[in-house]
Each structure stands twice: as C-alpha cells, then as structure tokens.
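Asker: Here are the chains, one letter per residue:
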Amino acid sequence: MEEKLEDYALNKSLQSKTGNIKVGLVGCGSMGQEIAILISKSGIDLCFVEVDEERVEAAFKGIKEQIDKIISHWGMTTSDKRAILSRIKGTTDYKKLKDCSVVIEAINSRKWVPNQPVRREVFKQVEEVVSDDCVLISNASTIVISDLAIGLKRPSRAIGVHFISPVLRTRIIEINRCRNTTEETILFVKRFVKMLGKETINVFGSPGNISTRLIVPMINEACGLLMEGVSTVEQIDKTMKLGYGMQRGPFTMADHIGLDKLTKWMEGLYNEYGDIKYKSSPLIRRMVRAGMLGKKSGEGFYLYKDGVKIEKTGSIFSLGQNLHIK
Amino acid sequence: MDDESVLAKGIVEKIGLNGSFIKNERNDGDKVTLNGNIYDHQQGIEYMLGVLTSERHGSIKTLEEINAVGHRVVHGAEAFKTSVSITDKVIDKMQECVDLAPLHNPPNLKGIYAITNLLPNVPQVGVFDTAFHQTMEPKSYMYAIPYALYTKHGVRRYGFHGSSHRYVSTRVAELMNTDLKDLKVITCHLGNGASIAAIKNGKSIDTSMGLTPVEGLMMGTRCGDLDVGALTFIMQKEVIGVAATNTLVNKHSGVLGISGISSDMRDVEKAAEKGNERAILALRMYEYRIKKYIGAYTAALGGVDVIVFTGGIGENASETRANVMKDMEYLGVDLDFEKNNGLRSKEAEITKADSKVKVWIIPTNEELVIARDTLRIIKEKK
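Chains as they are written, first to last, in this note's numbering: chain A, 1 to 326; chain B, 1001 to 1382.
One should not assume that every hint holds.
Keeping only pairs whose Cα atoms sit at most 27 Å apart, straight-line, the calculated DSS-like set for lysine-lysine is [said to hold, decoys possible]:
hint	chain 1	residue 1	chain 2	residue 2
1	A	Lys22	B	Lys1110
2	A	Lys81	B	Lys1061
3	B	Lys1237	A	Lys4
Cβ-to-Cβ under 10 Å is the rule here; a few derived chain A residues that face chain B [stated by the list, open to error]:
hint	residue
4	Leu10
5	His73
6	Met292
7	Leu293
8	Ser297
What the hints contain is simulated information worked out from the structure, not anything from laboratory work.
Just so you know, these numbers come straight off a predicted model, no measurement behind them.
Virtual Cβ for every residue (Gly too), placed ideally from N, Cα, C.
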C-alpha cells in the first residue's frame, strides 16, 4: 500500500492552511481565459464553468493560443505552459465548484442586453453548491456589486475584483467592496491578490471602479476630437502616448478593449450616474453596428491582421480620407 | 554525534504546485518518496521533520535531538560577509536583501520562520551564497556605470555559489597537502547554473556571476555575458517589457536557446553525437566561454596553480572538461585525457604528474559547508 504524506504530518501542520486555495471561474471567454492563466501561473488549481462542452473546448483552445503567443514573445516557456494547463479543469457542471474557496464570475454575454440579472443568477447558482466560507467575486466593471449580492443568502461574501486586460501584465487589481462585504472577505481577497503577484487598489462601492470611470470619458472625448475634425486617430493617440507617457493612446486602447465591450461599460456608467460624459459616442455606436469591434474583429479605429496592428496602413479613418482626396 | 557522517538526506519539491513531494534517503539505504499536497514552505519543513522523526523512515527519535538548523540563503548583499547566527536583526537585514533576489530570498526566509515556529528553542544559522565573494576588491565588483546606482540600489557584482567555491578550493588544498594560502585557484562550478571564481590566498578575488545569477558563463537556460546594448535592442525590436526580457535571458537562453533541444547537457551531447549542428554549436560555445574566463582569471591572479571542476556538469561531463582544457599547454596544463575520460563524480586529479598547473575534479558539498558553519557558530556562541 502506498504511504501517505499526511501520515508524516506533525501536529502543528493542522494550523498550516495557507495557500490551500482552489478557484472556480464562471465564464471562460477571452477575459476569463486571461484570468485562468494568471491564477494557474501562480500555482493555484482552477476549475472553470462554461455553458456547453463546445465552449469548454473553445476556452481550452483560447488558453493554449494565449500562452503560445506569450511564449513566442519570450514571456513564458513550454514547461510553464504544461504546468499551467495541468492546473486548469473545465466543466459545464456548477457542482464541480463545491470545494472552491473562491469563485470568480467573469461572464460575457454576447447578446446586446444588460447582463446584471444574468450575473446575479450566476452568484445564486454558485452559492447553492459552495461552502459557507467561499468568497464570491465578480469581475463586472460597471455594476454595483451590492446589486449582484441581492438574493444571496450570505451577501457578506460578495466582492468586486476587477482584472484589467492584459491581466498577466497589469500590475494592479481593483478590489471593490460592497455595502455588506465583511473585513474577513476583504482580507482574504487581498491575500489572494498578493498570491497572484499583484498590488491591490481599494475602491469603495463605485461602479466602474477607478480605471473604467477614467478611461471611458477619455475615449469619448477622443471620439469628439475626431468627429470635430480637430485631428486624426494617429495624432490623437500619439499625443497621449508621447505627451503623457501612456502605454496606449485612447483609440488603440478602445480597439484593445473591444468597442462592443466599451459600449456596455459606457451604457452601464451612463445608466448609473446619468452623466452625459459617460454616454457612448455616436461614432463608437455606429462602428459597433457595422461590426467594427476593434482588434478582435480585425477592424476598429485601426486595421489588424491576426491580432496585430498593421502599423503602416494607419487608422481606417485616415485611409478613408486619403481615398476621398484621390 | 561529533563526526561528519550523514544520517539522512532529502528534498522537498514543487511546493505550492501540483505534484509536490518529499524524498528522504537514510544512511542505511532506506529510500522513500511521499507524494501529496505541500502548500507552503512551513508545511514542507513540517513533513520533513515528521519523516526524520518517524518510526519507519526516521533517523532520530524526537525533535529534541536537533541541536541547530543551518539555512542556505541565496543573497546576503553587503550585509553578510560570513555565515551568521540568525537573530531578529539578521532577519530584518535579510528582508532588505529581498529586492536583490526576489525569487530566492523570500522562500529562504519562509524556511527560517517555519523552523522558528516549529523548533523555537533551536539556534539557527544562515549561510549565504554571496558571502564568500565579499572579499572581492571594488575594482572587481564595481560595474562601470554611474556610481550613484551603487550607493542608491547596491548595483554591483556579488557572485553566487559561494559555499561551493569555498568548499572545493579548501578541499583541493587538503588533497594536494598544500596550504590554501599558498595557492592560486580557479574553481569552475558547472551545474544548471554555472559560475567560475578566482581564488588567491583562500579568498575570492573575482567571480563570473554578478548582481544576479545571469552574468558570466553560458548556462542551461541563462545567457551569461551579453552586450547590454543588444538587450535594449531586443526589447525594442520584440516589443517586450521587463518581465518577458527576464524570462528571455533566464529561461529561453543558454544551451537551450542555442541548441533548441534541451537545457540538459546529456540530451545536447546525444544530439551532437548524431551531428546536430546547433547542439554542436551550443557545446562549443559553452566550453569556449569557460576557457575565456580561465584565461582572464589566470591574468587576474598572476598565474594559476590549480583548476577545479565541480557541479553536475563539471563533475560528470568529461568531454566538456577535455575541450575546455585542450590547447592549454601554453599555460602549463597537461591534461591526462585518458584519466579524464569517463571519470564521474569522484575526487581526482586529471592532469599528468609533471603538469605545472593541476586540474582536479572535486564533487561539491554545499550541505557540508552549511553544517560545518552551523556547528562552528553555535559552539562560538556557547
């Protein structure tokens, strides 16, 4: 009979529970995949739930592709990839989350509807299977977390944790506590964030956290500049990049976020605060209707091939202008 | 127990990861591998002590039999020039060194905390990888960059594998029946990480690893010496940041990066035998870099009496040793190729009897250095 390591534990080992974390993830679209990679890379086991087997398979494919891309840019090795994949499980069954100490909701509804009720339903379904001390996290950007916690038997365990894409490279994670979140939950989440090698930014009950509330008006204002003909997409981007040392200009940023997702953020914030500065620019709405969603659709404010910006062609707007002149 | 016999040796691997395990080997040959969840360093140490005191695989009856614990600590910066007894003040100073070795020092500290928790009355000693090289002069350890970076952030050469370089240089002097103080020694520690040191009068005067363990020799996956201009060029061309650059030079480079086969020398040697050109190139580059350093350190020492090979590759790869030492007659090295051929992990001289410069293989024993230092320091304390 094989010997068990546990048989050799000293009595004190009962005290040693640190690190014993398993994470559940509901929704494994591109954002969920990024979160899954980060968590697994930190040595933590993770199980994600998707709606059907096809999506489970697609999620694994996406995770592999994301890691391969990182490897091709020297950020990881093939053994890192093996280790990461070995820690990730996928399922369609919520019951598989029963032994998780934390479950993250990262759903992304493709339909053009407010997804707050869907997210609330996810929280409820998760609560039915997990233990009493499991923490429930929502990655929602613009939703009041207290609203999601309505209907939970233990709303004190709900908290917003906002991962910003590219999740692996961004050094901060926003923690958005809701009215009922207990100190115990906050402390747990802070430790969890530390395990992921990130710094915590504390936010108190603000839909849109800090990051989304600041980025949305800037992108809207950039669209305003463009529509007024003040300058071009590239020039506006260059100004913010070189003038203010931002990693990306507002249009590159918008393309990276995805204009559909951005519109949801904008509508969410506008509904919540009623301030016109959050209302999505007609330009963005038009582009979304035309299927120009940014990097992911290959066309946004710039053109993309295989997810890479085609620098030399510049912005599609400049291209259009050039054609017009000719 | 007053002799230096080993009661048991073991290792805890993959802490905090899937598939973690503990291995223990007792001096009577009893071997065990226990698989299970080991979530942190404290738990790893608990299990290790559990095995050591167990009826089935144990070597001691109770924890009270442990008189002292010695810890290997990777980075001691300028704060630690020798091994020290661990106190709260020492721990504070070690915390300050975390920035210089973010991957290694935190787990070292966790090991110390775990022992403090489990064996609160047992004295602990820290043995630093950098300490042996603290005898280097500023002309060896300074980089030619603005001096302020040294005063502000401690940017300088520290060197690593100190316990190994110290052990093999001391041991070779013993085996040669010579006082180490009369010898000029070059020690080549060639393992997964590799470094080379110039030792004069028993003191390290220069070593190839620098602020971090990336500099110097070509290694399994680390690049060793590289034009810093090339690095900023690569960062710009590949559009990569600090983290990816670190992975590039630490994990994608060296023997693996050139051969594209493996970081394990044995795999690369096999491929080279079959005529794989990149594998052959990797081996030649690996050997050439060592040869170059031996030349440089001979000049720095003003001559050399003995060259020592140690570490997994240094102790086992006879072809690597032969290729490094080939055409070194000008220096006074007359290698006994026959004796060298196939010699593995044994203390042995591999030069001919009349060779002016001696070449030795000395299997390293860092654990013994830690045990000896620990014993000496707790005796001094008493």
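Asker: When the hints from earlier in the document are held up against this structure, which numbers fail?
Answerer: Checked against the structure, the hints that fail are numbers 2, 3, 6, 7, 8, while the rest are satisfied.
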